[in-house]
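Asks: Read top to bottom, the protein sequences are chains C and X. FYI, in our numbering the residues of the first sequence are 396 to 713. FYI, in our numbering the residues of the second sequence are 33 to 571.
Just so you know, the hints here were simulated from the structure itself, not pulled from any lab data. Be aware that a few hints might be false.
Listed below are several chain C residues computed to face chain X (Cβ distance under 10 Å; list not exhaustive) [stated by the list, open to error]:
#, residue
1, 415
2, 416
3, 417
4, 461
5, 464
6, 474
7, 522
8, 523
9, 542
Glycine included, each C-beta is placed from N, C-alpha and C at the ideal position.
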Amino acid sequence: MHADPSPVINTSRLAKNFGRTAALAGLDLSVLPGEVHGFLGPNGAGKSTTLRILLGLIRPTSGTARVFGIDPWAEPVRAHKDVAYVPGDVTLWPNLTGGEVIDLIAGLRGGADEGLRRQLIDEFDFDPRKKARTYSKGNRQKAALIAAFSRPAMLYLLDEPSSGLDPVMDAVFRRHIRRVAADGATVLLSSHILAEVEQLCDRVTIIRAGAAVESGTLAELRHLTRIRFRVTSAVKPEEMATWRGIHDLRVNGTAIEFDADAADLGYVLDALATAGITGITAAPPSLEELFMRHYGVQAGRQAGRQAGRQASHKSQAQ
Amino acid sequence: MSAVLRLALLEARRDRGILAAWILCIAGLGYAAATAVTTQFAGDNERAALISVAAASPAFLFLRGLPDVISSGAVTFFQGYSFTAVLAGLMSVFLVVRHTRGDEDQGRFELVGSTRVTRVTSLYATLLFGTFTNVVLALVAAAGFIRAGLPVPGSFLAGSAVGAVGLFFMAAAALVAQVMPSARSANGTAAALVGGAYLVRGAGDALGTADSSLLHVTAAWPSLFSPIGWGQRIRPFTEVDTLPLLVIGAGTVVLAGAAVALRNGRDLGAGYIAADESGPERAGSGLASMLGLAWRLQRGSLASWCLTTAALGAVAGGLGPVVRDALAGNPSVAELLSRIVPGDAGLIDLFTAAMLGIAGILAAAAGIEAVLRLRAEEAEGRAELLLAAPVSRMRWLGGTLAVAAISTTAVAAAAGASAAVVLALAQAGGSSPGMVFAAALAHIPAALVFPAVTVLVFALAPRWSSAVGWGALAAALVLGQFGELLGLPGWLQDLSPFRHSSAMPVEAFHPEGALVLAAVALIAAGAASHLIRGRDLTV
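Using the sequences and the hints, build the whole thing.
Replies: This is how it looks when you write it as structure tokens:
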């Protein structure tokens, strides 16, 4: 698409410590112009911290962050000129109405597009005349989303933006992501909802315990991973388990299930053909499985505990 | 019953730090007053002089209470009771609202409410915990008095008087919390009740009649309408009367019972006065700037502050004739005054200056409150929404700072205007309305130092901004009201900005002091605007 595009977002060995807790530990993230980039990780992996650094709200302990080539800590106003942001945990001014909040936020960015504003309020089925204190979590999120989408931006930073939306509203949200992407905007979408990322994103960066563990297109990530087989065969499972490249073999009724390394696929298929099979299905792993592979281990649990600590810290603040 | 106890323990666990600070400060103030009286005014003659001056001055009566002969304990009670009672009331109000509507507004209550408890279980727990807290306060305060060398029975009664007022306002706040639409409005209303009780007691005491010895003053009827006035009637160190304790106790039980009944009949998170649930669909042009947003967020609160200080000013002005008559009807008072008051300032002017000094404190408080909105915006995540837009932190801070300065100015002006008008209408003599108004404005530079210092702390150590802001104001109040009594060194008293503003109309206006204070405020605010860029946004 882009011959040699300079990234819209670029972080290099980004680190951030909160006291003794390392929220980010050398994160490299690169988001190219016009792409919808999924930023995937469990709670507490450092997604929100990264977004806050990109917004110049907090200063990195070390490493660099650039948005449109600008250091957001040094020049936040210039870096934010064309950025729309939806925080993960939206709180609004209790005594302003939703409509006022939308106008306030969009107004600070230069003013809403009237047509878009009306369309978004309509599609999100949002009542802008209610005071914000009466809104549920989903409605507060809608207000922030409408404010973000009601004025075109070059970059959208969205922190788990659909976590409070019902499936119908989620569809509206996805439609507008596709719309701004089609208009050439860049989107960084932080999420732990895999289906969302799978449906929307061109590229994905997976973050765990403050560092990127994987980055690439979904196709590239699958290339690195194992294929899930389900076969019915006369071969004994014990024998099959000894084959090269086979992992996690188990018997499920009459079928044998196993994962095979992508590099050993030829060997596995040959062996299966030689041994004789009566049924086979082979599927690429869902992102869900990719995810579990990265976080279903000890390190992932530890990151989860850190997240718990941060969350309790957040809720204590008044 | 065990659920009530568990919830009360949870509240105690959450509040132990802040309540320990409250109790130690309140009891510490009492202890300091008692120590000052027993050491600096050890002789009967010294205490008699102190008391007779006070008895002759309606300003003293209004601010402090009733002189009640000259034993060390009685002088301590006179000096310290009213302020400690107000503090006990405020402590109880904030405690109750925090654990009732505060928890409901923050969504914490639902977790508890979903367990095997009734709607009122948590209210019982809060009342239990509030009662416990005030009992501890009474005991700690009594221990302080005893430690300072006051008689033991009187010390316990004096501590009980303070604790009883705390209990009364605990119950009153519990009732207010059922009625008001939000935690914020409940806090404001209940705190205003405490302030009102102080004012009503002050009016009753200022209207009181001194006996011929000038060592004892009997309150007039308005003090019967104030729980703080009732507490004072216990007279713990002279002719003890425990009936007032029973009156306060009965009032507490009635109010608490009403609160429980009302709690049973309302929805979670909704008071009997319904909150305004809808409003305009579009933002007006006022919300186009940070200044506009800050104004919008502060204007309701500012109106309450202005009304409060206007009421104070009106009381001050309305008491003018009383003050004048106190002088006319009692030649010995006139003679005494001519000896103690430097120059030829009239009694009314003294009174006005004292009242407007309190208005200056309130003006500072309004400014601090406005500035602390920044902290709430930051901690609750709304600042993030604003600062993610192309808005510099300086603009964000600047809007609120401007509104804080406006708040401080408006509150002082409201007090001055109402005092000037009412005093003129009362035709009591004293200074011209213009002079009275100017006297209120003279405190603005000193008052502005407080929001400026608060915002500086906010820029450097945001989590401390609330504690330092309110703590500085409390310190200034103690220095101003008790500095002389406690015999604190001059340099320490000079730390209070209000020491450097002119107590018009008694003193002439000193432009140097005002200029230095204004410069301090400006420098602190300017430094904050710069330093705010250097720190992380902190929840």
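Asks: For this structure, which hints from the list above don't hold up?
Replies: Those not satisfied are hints 1, 2, 3, 4 and 5.
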